[in-house]
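Model the full structure from these sequences, guided by the hints.
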Amino acid sequence: MEFLVIVALALLAVPAVLSCAYLLVLTLLSARLPVPAQSSRRLRFAVIVPAHNEESGIERTVGSLRTLAWDADRLRIYVVADNCTDQTAERAAAAGAQVLVRQNADLRGKGYALAHAFEACLAEGWADALVVVDADAVVSANLLEAYAARIEQGECAVQAHYGILNPMESWRTRLISVAKGAFHIVRSRARERLGVSCGIRGNGWCVTAELLRKVPYQSFSLTEDLEYGIIIGRSGFRVAYADEAHANADMVTSAVIARKQRQRWEAGRMDLVRRFALDTLGRGIRARDRVQLDLALDLMVLPLSYVVINVLALLVCGVALSWWMPGFVLTAWIGLACLFALLVHVLRGWQLSGTGIHGLTALLYVPAYLVWKVVIMMGRKTSEWVRTEREVS
33 MEFLVIVALA LLAVPAVLSC AYLLVLTLLS ARLPVPAQSS RRLRFAVIVP AHNEESGIER
93 TVGSLRTLAW DADRLRIYVV ADNCTDQTAE RAAAAGAQVL VRQNADLRGK GYALAHAFEA
153 CLAEGWADAL VVVDADAVVS ANLLEAYAAR IEQGECAVQA HYGILNPMES WRTRLISVAK
213 GAFHIVRSRA RERLGVSCGI RGNGWCVTAE LLRKVPYQSF SLTEDLEYGI IIGRSGFRVA
273 YADEAHANAD MVTSAVIARK QRQRWEAGRM DLVRRFALDT LGRGIRARDR VQLDLALDLM
333 VLPLSYVVIN VLALLVCGVA LSWWMPGFVL TAWIGLACLF ALLVHVLRGW QLSGTGIHGL
393 TALLYVPAYL VWKVVIMMGR KTSEWVRTER EVS
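Under the numbering used here, the first residue of the sequence shown is numbered 33, with each subsequent residue one higher.
Hints are supplied without guarantee of correctness; some may be wrong.
[Claimed, not checked] Ranges of calculated distance between the beta carbons of each label pair, as one might list FRET restraints:
hint : residue 1 : residue 2 : range
1    : S72       : L368      : 51 to 61 Å
2    : A319      : G128      : 37 to 47 Å
3    : S72       : T117      : 25 to 35 Å
4    : A104      : Q70       : 10 to 20 Å
5    : R64       : G359      : 37 to 47 Å
6    : D105      : V57       : 19 to 29 Å
7    : A63       : S267      : 22 to 32 Å
8    : G386      : A104      : 24 to 34 Å
9    : F35       : A137      : 52 to 62 Å
10   : V348      : A125      : 54 to 64 Å
11   : R92       : L139      : 23 to 33 Å
12   : E156      : T99       : 20 to 30 Å
13   : M200      : R320      : 40 to 50 Å
For the record, the hints were derived by calculation from the structure and aren't laboratory data.
Bear in mind the structure is a predicted one, so any value in this text is a computation, not a measurement.
The C-beta atom is built at its ideal place from N, Cα and C for all residues, glycine as well.
Below is the structure:
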């Protein structure tokens with residue numbers, strides 16, 4: 033019986049300790065990054081906006097892109113009106129974008145829209161680099177400068193900060209903002225400092241045309257952005273992080289819409305874990321490649337809410353067992369150490385989120401959020417792409 037208890041505790045402790053140690057190291061390396069020297073401003077950029085029935089917000093996004101601090105003759109804005117049944121194409125054109133209309137009822141999703149646009153841009157041969165911005169995003173004016181400065185230093189893929197436009201709209205958006213502070217800023221800064229890949233986050237990323245020819249875009253999973261970032265790393269390249277620029281998008285406040293969105297993300301991520309984690313880890317070990325090693329570790333560290341559940345389960349079991357069997361008190365201390373590491377990580381994310389006292393009080397909703405995530409874990413998993421519904425204010 034005691035042997036079975038030890039095995040069960042080990043199954044709880046090993047992932048908790050490894051995950052928390054990894055997150056703590058990244059937290060300690062999350063100081064602000066230096067900004068590179070100004071570019072020569074010679075690069076030509078094609079900014080691609082994949083859009084499916086985005087008539088309500090596409091003009092705002094195109095308008096934001098038209099304010100980018102870059103010479104107009106070195107910038108082209110493309111909106112991919114993908115299987116649209118509304119006025120997305122017309123409104124994008126009226127706002128000043130070039131529109132690529134795509135109709136394919138069988139091959140649907142953001143990945144196919146991007147592949148269509150990439151193919152068209154590469155065939156045209158005009159752009160030096162291609163940028164992806166979501167159809168509900170607003171970008172900082174220095175976005176292209178941040179990419180260009182790094183490309184001229186030898187980088188071939190860059191991810192800008194992906195933040196939230198409406199962090200104060202509800203407790204859910206405040207909590208997500210804190211989580212993004214931890215996941216996007218803390219992790220990305222640390223990984224940039226370590227010289228590994230920060231990965232692709234789906235919104236506000238850039239690749240050179242040369243890299244796109246070497247590593248063709250063929251990512252059509254539920255989390256196509258994360259998948260392509262992994263493929264780039266496995267192909268011998270990394271994604272740099274531009275800390276000083278951002279592409280921010282709205283986050284949903286509705287629990288129903290958020291549940292559908294989260295189910296899609298979770299299903300997509302778990303599919304990538306099964307497909308890539310162990311193989312990428314093995315490749316990284318054999319090649320002594322720190323980029324692939326880190327990508328594998330990042331995949332194996334589950335979303336923060338799952339890590340919290342894991343640590344709490346370890347702590348509760350450790351305390352309960354040590355009450356009857358003092359020999360297990362070490363388990364409780366390990367659980368407490370993991371909880372402390374998580375707390376440091378989350379508080380650093382809160383600090384960088386800029387949400388102030390409102391973000392801190394949103395952490396009081398964490399227990400309810402964890403219960404919500406457990407319900408999602410037990411719910412029906414989606415296997416196909418479904419567009420996130422936009423909320424109309």
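Status of each hint after checking the structure:
1. With their beta carbons about 53 Å apart, S72 and L368 fall inside the hinted range of 51 to 61 Å.
2. Between A319 and G128, the C-beta spacing of about 46 Å keeps the proposed range 37 to 47 Å intact.
3. Here the CB-CB span from S72 to T117 is close to 44 Å, at odds with the stated 25 to 35 Å.
4. A104 and Q70 have their C-beta atoms about 19 Å apart, which keeps the hinted 10 to 20 Å range intact.
5. Here the CB-CB span from R64 to G359 is close to 46 Å, well matched to the stated 37 to 47 Å.
6. For D105 and V57, the Cβ-Cβ distance of about 45 Å falls outside the hinted range of 19 to 29 Å, so the restraint is violated.
7. For A63 and S267, the hinted distance range of 22 to 32 Å is satisfied, since their beta carbons lie about 30 Å from each other.
8. In this structure, G386 and A104 meet the distance hint of 24 to 34 Å, their C-beta atoms being roughly 32 Å apart.
9. A hinted range of 52 to 62 Å holds for the C-beta pair F35 and A137, which are about 57 Å apart.
10. Distance hint check for V348 and A125: the Cβ-Cβ separation is about 58 Å, which falls inside the suggested range of 54 to 64 Å.
11. Under the hint 23 to 33 Å, the C-beta atoms of R92 and L139, about 28 Å apart, fit the expected range.
12. For the pair E156 and T99, the supplied restraint of 20 to 30 Å holds, since their beta-carbon distance comes to about 24 Å.
13. M200 and R320 have their C-beta atoms about 46 Å apart, which keeps the hinted 40 to 50 Å range intact.
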